[in-house]
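Protein chains: 2
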Amino acid sequence: MGLVVQKYGGSSVADAEGIKRVAKRVVEAKKNGHQVVVVVSAMGDTTDELIDLAQEVSPIPSGREFDMLLTAGERISMALLAMAIKNLGHEAQSFTGSQAGVITDSVHNKARIIDVTPGRIKSSVDEGNIAIVAGFQGVSQDKKDITTLGRGGSDTTAVALAAALDAEVCEIYTDVDGVFTADPRVVKKARKIDWISFEDMLELASSGSKVLLHRCVEYARRYNIPIHVRSSFSGLQGTWVSNEPQGDQPMEQAIISGVAHDTSEAKVTVVGVPDKPGEAARIFRAIADSEVNIDMVVQNVSAASTGLTDISFTLPKAEGRKAVAALEKTRAAVGFDSLRYDDQIAKISLVGAGMKTNPGVTATFFEALSNAGVNIELISTSEIRISVVTRADDVNEAVRAVHTAFGLDTESDEAVVYGGTGR
Amino acid sequence: MGLVVQKYGGSSVADAEGIKRVAKRVVEAKKNGHQVVVVVSAMGDTTDELIDLAQEVSPIPSGREFDMLLTAGERISMALLAMAIKNLGHEAQSFTGSQAGVITDSVHNKARIIDVTPGRIKSSVDEGNIAIVAGFQGVSQDKKDITTLGRGGSDTTAVALAAALDAEVCEIYTDVDGVFTADPRVVKKARKIDWISFEDMLELASSGSKVLLHRCVEYARRYNIPIHVRSSFSGLQGTWVSNEPQGDQPMEQAIISGVAHDTSEAKVTVVGVPDKPGEAARIFRAIADSEVNIDMVVQNVSAASTGLTDISFTLPKAEGRKAVAALEKTRAAVGFDSLRYDDQIAKISLVGAGMKTNPGVTATFFEALSNAGVNIELISTSEIRISVVTRADDVNEAVRAVHTAFGLDTESDEAVVYGGTGR
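Protein chains in written order, with full-length UniProt numbering: chain A, 1 to 423; chain B, 1 to 423.
Please keep in mind that the hints were generated in silico from the structure rather than gathered at the bench. There could be a bad hint or two in this list.
[Claimed, not checked] Using 25 Å as the maximum straight-line C-alpha spacing, the simulated DSS-like pairs for lysine-lysine come out as follows:
| id | chain 1 | residue 1 | chain 2 | residue 2 |
| --- | --- | --- | --- | --- |
| 1 | A | LYS144 | B | LYS122 |
| 2 | A | LYS144 | B | LYS144 |
| 3 | B | LYS144 | A | LYS122 |
Given the structure is predicted, the values throughout are model-derived calculations rather than measurements.
The task is simple: from the sequences and hints, build the whole structure.
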């Protein structure tokens, strides 16, 4: 049996009871003959409490000090977990991100992992210890400062360590049973996915599914580390994310992996752009210079009568104001008519590698929305994803309709083999 | 102006308000033209809360993990302090014990500092930053594990950094105005000491004065770093501890620096020890082997008629049981009659380098106790200290009587020049 990396989130180690429950599960893996490396997040709301404290002493806390502060959270949970494991009669040692060899760039609050040099972790597990590593943190390569990895940082730590240690699997423990075909809070009949490919998982993650972040899946794909997302409260199998199904996992990939939705974006439309080379470039250069990340971009053919076209894109609501301000400055240079800003939108995405070879998916998707009375405002597609923008009010109904139309509801007997009428 | 090390204890940084107040004081020193290095303890009760958490998950938390856990406390306070300072428009950087180059041995929970390599701190202050360092923690030389320094650890960190950085002074900020001629809670007329020598301060610390611990003063003496103990709540001058008085400090050392008392000890008497070579050695070897630290030791001449003597010693109450058990095992070998254990005692000590050259101090001391009706049970003296053991019930009265007898009460016009009748 090989090495296993397990990652437990803040809700799994929220209190002493939770920590003891996690300790038991870790020890179980060790007893089953695995070498075990555990990555932990900060306990429950610790990080939020530290952020509140920081804001009490300074309205704009500095990046370096903010990171120093936040990393105290994982330090507490990892030391407590190591103690709880020792209390069960097994040896455990905790390591900070720096001690674990998680080397990052110097961008505080959202550092990227540059390298992982897990020599101390390797020695520790080779000596028979369970190694506990602080998630979400590393040390900068140049200045040797403490850094944090930003959102999803602990998952990324776990995957990066799994890659560096050549682990069999990276188990991500969370408070849900795995990845579902849609958000179970919206679609009661949503089904747990047993296996999903890296590619489909990446599309789901960037389309609004929150179980795994894009960044962590991307890392796992690059180093081909299977991820097993599962509940820390039940003993059930969760969702495997990997290149190929393993063991008794379904050999044939479903046509459609799932339906994701996202209500965190807004839509900007630049109305009446002269349809000539360089105008779109000017617009998106202005957006990029203001450091706004955009998602979907749609431009339709121009009206022959006017020679003007409209360009629409979506972006996180929080960045709306910045983007609009940047665009206003280019109005004279680009010569567009007006700007429209709309934050009452939702994005609904259908993801599945099967759609590449199965005609009719798009049609069925649009039919389902139409039958549900949902109007489509923008459309964008990739090889394995179709996304539409609708009114925010329609999102739940739209997701349910699409989920049912593609036979993803739990009642259906079987993962459907879909036959349609041309995409 | 040179470099100043300031140390703030947990009560000074107990909440956001406290941290902001400390930030102002730190910035003041910087504005006065000093390079400033600040050592902080954990906020208020943080350390106790972490200890409670540890005991919830494990009855006997391991040393290594316990240290990892506890060091989270300073990490929080130092990052917050750095933020608060930046908010006042000054540059600050926080450093863990490890980053600050505090190298220790591997004895977890009470590590000793082996070396300080403050390269990063030096660069930081040379670049114009205020450097904030986590007190109480270091990194072990051999295993590179996080260690904590035990009681008084933050004070020791401050003094050690001051020595390594060749600081002008190490300022220890606390919640009292300085070192007093006696415990102000017992002696209302106790006087703040303006200056005291390292030697006298060492004797006071080991005689029960709690403002500075022996360990930190010892370190300061070895490297000749002046300590300034003062309040973080007032702007007053506190007590200077150094080799020689400085500036407008009194040039002549008072004969008596102060009266200390200690009610944390117990007394063990080994009754009827054969008065022949090797018996005392056997007794104290047994005590040492059980890792009990003893304080005063007194042996009187044996009674000529029996050839038997009694040996008494004092030790921390908490170690009484262990010492008695160790002695019981040697009863046959040593051949003593019986053991007496008494934990209702107090130790009262008079400290002052002046007593070496001023006859009559001992007589005045004993007269004062006698006039107060206090019986003396044991006596032990050093060059600059006289200690007696009395009943615990008598301690307050005894301390007050001695304090008055040596003219230490605030009403007296002047630090007395004492003339007695032979010591």
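We went through each hint and held it up to the structure:
1. A/LYS144 - B/LYS122: Within the cut-off at roughly 15 Å; holds.
2. A/LYS144 - B/LYS144: 15 Å, holds
3. B/LYS144 - A/LYS122: 15 Å, holds
Hint compliance for this structure: every hint is met.
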